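Asker: Residue numbers (my numbering), protein chains in the order written: chain Z, 54 to 459; chain F, 53 to 838; chain L, 14 to 254.
Calculated directly from the structure, the hints in this document are not laboratory data. It should be emphasised that the depicted structure is a prediction, and the values quoted were computed from it without experimental measurement. Don't be surprised by glycine CBs; every beta carbon is placed ideally from N, CA and C. Hints may be right or wrong, so weigh each one.
Said to hold, decoys possible - Here chain F is said to cover these stretches of chain Z; the calculated rule only asks that three of the stretch's residues, wherever they fall, bring their Cβ under 8 Å from a Cβ of chain F:
1. 78-85
2. 94-107
3. 334-344
As the list claims (entries may be wrong) - Here are the in silico distance ranges between beta carbons for each label pair:
4. L:Asp154 with Z:Ala74: 33 to 41 Å
5. F:Glu656 with Z:Glu359: 30 to 38 Å
6. Z:Asp400 with F:Glu163: 52 to 60 Å
Said to hold, decoys possible - Distance condition first, Cα-Cα at most 20 Å in a straight line; then the derived SDA-like pairs of lysine to any residue:
7. Z:Lys66 with F:Leu767
8. Z:Lys66 with F:Arg823
9. Z:Lys66 with F:Pro683
10. Z:Lys340 with F:His470
11. Z:Lys66 with F:His470
12. F:Lys588 with Z:Leu89
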Amino acid sequence: MNEGSIWLRLRGKPLYLLLAATLFAVALWSFWPRALPVESAAVAAAPLTESFSEEGRTRLRSRYQLGAPLDGTVERIVAEPGDAVAAGDVVAVLRPSPSAMLDPAGRAQSEARVRAAESDLAAARATVASARAEQSRSAAALQRGIALGAKGLLSGENLDSLRAQDAAAAAALRSAQARVDAAVSVRDGYRAVLELQGDAATPTRLPLRAPVAGRIIRRFVESEVAVRAGQALLDLGDIGALEVVADVLTADAVRLQTGTPARLRDWGGETPLHGRVRRVEPGGFTKVSALGVDEQRTVVVVEFDEAAETPALRARLGDGFRVQVDFLVWQSPSVLQVPSAALFRDDAAWAAYVIENGRARLRRIELGRIGDGRAEVRGGLREGDRVVLFPADTVRDGRRVTAQSP
Amino acid sequence: MRALTRKGLRDLWRLRSQAAAVALVAAVGVANLVMSRATLESLEASRSRYYREYAFADVFADLKRAPEQVAQELRRIAGVAVADTRIVAPGRARIAGFDDPIRIQALSAPEPGGLHLNRLHLRSGRAAEPGERDALVVSDAFADAHGLRAGDAMTVVLHGRSQSFRIVGIGATPEFVAQLSPQAVFPDPRRFAVVWLPRRALEAATDMDGAFNSVAIALQPGARRETVLAAVDLALAGYGGVGAIGREDQRSHRYLDEEFRQLRTMARLFPAVFLGVSAFVLYIVLGRLVGGQREQIGTLKAFGYGDGEIWRHYAGLALAIGSAGAVLGLALGMQLGSLLAGLYREFYRLPYLDFVLSPGVVWLAVLASVGSALLGAAVPVLRAARLPPAEAMRPEAPTSWRRRTTGARSLVRVSQAHRLILRNLLRHPLRATMTWAGLALGVSVMMMGRFQDDAIDYLIERQYERAERYDLSVAFVEPAAPRALDELAALPGVRAVEPQRAVPVRVRYRAADKRTVLIGLAPDAQLRRTLDAAGKPVPPALHGVLLTGFLARLLGARPGDTIELETLEGRRRVLYLPLAGLVDEPFGVQAYLPLATLDRALGEGPRRDAALLSADAAAMPRLIAELDRRPGVAATGRRRESVRNFYDSMARTILTFTLIATAFGAVITAGVVYSSARAALSERARDLASLRVLGFTSAEVGYLLLGELALLTVLALPLGFALGHGLVALLVLGYDSELMRIPHYVSASTYGIAGLTALTTAVLTGGLVWRRVQRLDLIGVLKARD
Amino acid sequence: MPLESTTSAEVFRATGLSKSYRMGEVIVPALRGVDLSLRRGELIVLLGPSGSGKSTLLNILGGLDVPTDGEVWYCDHRLHGADERELTQFRREHVGFVFQFYNLLPSLTALENVALVTEIARDPMAPRDALALVGLEQRCDHFPSQLSGGEQQRVAIARAIAKRPDVLLCDEPTGALDAATGVRVLDALDSVNRRLGTTTLIITHNADIARMAHRVLQLGDGRIVSETRNPTRARALELRW
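Here chain Z stands alone, though its shape is the one from the complex:
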């Protein structure tokens, strides 16, 4: 019996057709490629900062340590840590031991100390002179720079650098002058001791005076304690003049220069503070890292940016307080950038998946500066492109994807 073509055979048998149609429909529905849900973000122009972070601590810009000039007993330490003192205030009273007073060797020592103090003073004076010279030089450079800047021939960065140098020079001059004052008072103090020692009629009390105005930072001994000559008694300094030091990896230190801005956070306050690199010390040293290997580091000193915020905030900081320093090596107010969560390596090049018409497309990218979680795009992406974040192994070039809100 001639059954004819399959369509003829099936024509009167809709149930078979139903079966076939169901087969087809099930296959279609279940194997139709479904869009993979992915997280995405847009490529846009925004500020970008390249930085690295290091733990640092505060310290007094200039610190003076008051030592015992002679063997004796500290009768009373008048000042407490935190007290403000003026230059010349009595901060402690020493009762020299009799032997110290009459001892010829002790006297010779005191003479030597006076001489040393005088040479310190001379050196301090010389420092003032050079600081003054430096200061006038950098002021002049700043003036030139401002003039050039007004003509647009100098970048803002460089101008800032000149400004910073000028300010640094001014500060250096001030501190040099302060050192001179201190050296004077130290020498006077030793002279006083010398005079005392010469005098057999022993005054039983030797007042010790603060060499400079400032605040008592630390006290090393209690009252009624025997001390030896030279033993540290008090630390004092100008608490308003704080700076931050950090031990920075040498490989990172070379990216810094005087004037590089820094953000100071995690100090316990509500807002971060701002500063600038004052000095990168040229001498490196070896330090064991947190995880146990040797690293080469160098000290970087950061000073607070006076203009940037209220002193009231900074007043809460003491000496030796922990600060996390972010060194802002490079900044730009607007640069095309992509989240680094979208980036991966395609052989040796950087790449990302761009969502085009519902599909993920692999695009090679040229990157520039790498910031915090984002990277500068120099080529390969346009503003407005949407990239896939944290692409899974299942994302391939051409795969259907659908962007979902994270």
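Given chain Z's structure and the hints, the job is docking chains F and L onto it.
Answerer: What follows is chains F and L alone, placed relative to chain Z:
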């Protein structure tokens, strides 16, 4: 042989293909039963024996450090038979030819002589002598994965100090039947090893001279475990004890228990389904047989055969089929069981895992198969027996045909053929429904089989692609200051660093409590996120704690309730926090707090236990080398590689299971379709042949039969999908535990494969029946009486 | 042919036998008060058109069915109100059946079909002997599908007599056969009746067959309409239709 028996045998022979279908389906059910139960029994028996022979401890307690004398206090606790102190330390290892980071757990091997717990079972080589400073025994899974042998070298880094060792032996202890690192979710034998060193060598490496930081205890018979646990905690409280646990909480034991639970669930569910279907198919086959032999039954009764003899005769048929199913199923089950045991041997390092078939299982299998056969045969057989002989020999009256759905008369212009089909369906609604149900079951079984694949895909995607997105995890030997994070950030290729802190806690709510870990996460963490049930990130809340959903359910707590968290380290502070939200994660149970909150709550300043890194793939080798040389780094883990490794190791297992389940499902579908069609054919042979005689083609006649089946098959798909969902839900319920939650997720391709296989099988089987339709004996029909 | 003695014992006695049954939705009264008596060794022919209740009466006499009303006795066995077990036992020990469509089990050979019955009988013949009695000992190992209608019916007869029943009940034994074959079948029945003295009841609508009976009962509309005694009995081979 009696003539009646001969009749039975010849009937069976005539029915052989349908009987084979029934037997096959039953065999599949029995095979499943045998496979899972036998494997379960073998595993349990092997494990018990192993525990007994190698003295697996009953209680384990970890602490920070205590001098050896404290052990005497422990031994004095009532109920303690043996207290074995030991040193346990995590570390890293390196072997030649393998670049990925390897985590290890180092334990002090028991000294020779004396009563010791958790004894080493050596597969090859020997134990290290107490005096040897550079000898160790390594776990066998690791050794197998890398092809290591006694004499090979291995570098071990403990507490930052690196030392070269020689492998003198390969083996394991009952504590490490499942060899996986404490943080891992699944075994990664290439990247995790357990090493046993002589006590003195480990003391030196970890600065624990004369001290111990872990103790294993065996209880006296009849001792109450809770009292001993409490007493041990009390004794070790001053030494940084983190809480003693019983055997059932020990990691390897737990892991294996989970496996048993899953096997048990499988052993209960699958065979029930298969045997149910086989009973149903037998019901169809026997029902039609009895229907077709009405006259013969009447004749037999006329000649004096009693009811008893009649039903025994037909029941004998059922028994024969059931027995065949049992025998086939036993054979198949043994094969599959050996296969399964082989797969398990790779994961569970039991010294002896022989597949053992206990008589109990054999009896169970036979009982199940025969029982289901008798169940299916019950109705037809009883019907045959009760048939009054006079009625039996009368032609079967047409069943009452009441006018139904009077209104639907001209609803659709259907051809005569469709009216016949519809009428036939409506005339035997029960039969049609049961065929429909049987087909649906075939679909649902195939779905159940593929479910494992789907669930694992979903788990991996959820946890390792949406929740965790880091490239490397770095664990520190000691809790480190935040400086360590800066150090990591400066390493080559590191793009982002996210810190983490973890502290063991006891979580309490009302009467329930659970020992788990409290994790501190940075609030804007991207590399590891906590997700809610909808997959949206729920960041650790400022004023409250997040708990894994399963944990909250265990405790009976709801958002807003105050949870007590007792930290078990350091100052042991107790925190009271409201439950701020639930985290939906598949592995383990955890509690989460923002990092800063945790720091403050613990009062020890910021301390970090681990960091997650996002890194440039091109710099990875250098980065790993840098991490490797840092003594402060305890271990590193690579997320992508771990996941890939998991897939590789599971792929074979998954593929095997999927194939088996799909085959089983296809057997059910084929069985139902074939026996249904054949039975219908034999029942309606005369009608169909008459139609042929009247001039209908065999195609048209076949359509009456097969078109009905096609309709039922198509209609069975939605029911099958729904049933599949239900069966998956049952499976998921059985699997839920603290260690892992399997999601109730069925992928589109599973529906597709199940549906397509069912449809295709139906078509192919229908084709077989089709050939019989073509060979209908028209002449015989003409000869038959009206 | 001289008359047989009519003084032999009464084998069956029915009084007021009535039977109605359901056929789908319809209630059919098949017998309305039948009285009859059968004696040992008699060959009775029950005549009547289709639907007159002949098969029903035979079924009740053979213990295959139970009456709705009335009494039926076999010797001193009470058949009305007997339970299934008792009826089965009765059939097993005393009755042989021959049906219109042979009702052989298609999956058994001729010999096995006979053996089916002899295996549960108390004092049977050897199956081969029974087949020899109907002249089919050559066809022992053939299946019903390999036998002609007449041969099948003869096997059925052999099956029925193999257990040496007291009673042989035949429902339209020649209904499906042509005249020549039918005559041969009737001859077999006749010879069994003469040689073994088996009380034989033959149902037919073919009046000519009645000539070989001792008595002829006419059934109509559920009742015995007439009862005739044959003065002479024809031989089976003489019958013609």
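Asker: Each of the hints needs a verdict: does it hold here or not?
Answerer: Going down the list of hints, with the structure as the test:
1. 78-85: Result for this restraint: holds, n = 6.
2. 94-107: holds (count 3)
3. 334-344: holds (count 3)
4. L:Asp154 with Z:Ala74: 33 to 41 Å: violated (54 Å)
5. F:Glu656 with Z:Glu359: 30 to 38 Å: holds (36 Å)
6. Z:Asp400 with F:Glu163: 52 to 60 Å: The hint (52 to 60 Å, Cβ to Cβ) holds, given that aspartate 400 (chain Z) and glutamate 163 (chain F) are roughly 55 Å apart.
7. Z:Lys66 with F:Leu767: holds (17 Å)
8. Z:Lys66 with F:Arg823: holds (18 Å)
9. Z:Lys66 with F:Pro683: violated (78 Å)
10. Z:Lys340 with F:His470: Violated: lysine 340 (chain Z) and histidine 470 (chain F) sit about 92 Å apart, past 20 Å.
11. Z:Lys66 with F:His470: Judged against 20 Å, a Cα distance of about 9 Å means the pair holds.
12. F:Lys588 with Z:Leu89: It holds: about 16 Å lies between the C-alpha atoms, which stays within 20 Å.
Checked against the numbered hints given earlier, the structure breaks hints 4, 9, 10 and satisfies all the rest.
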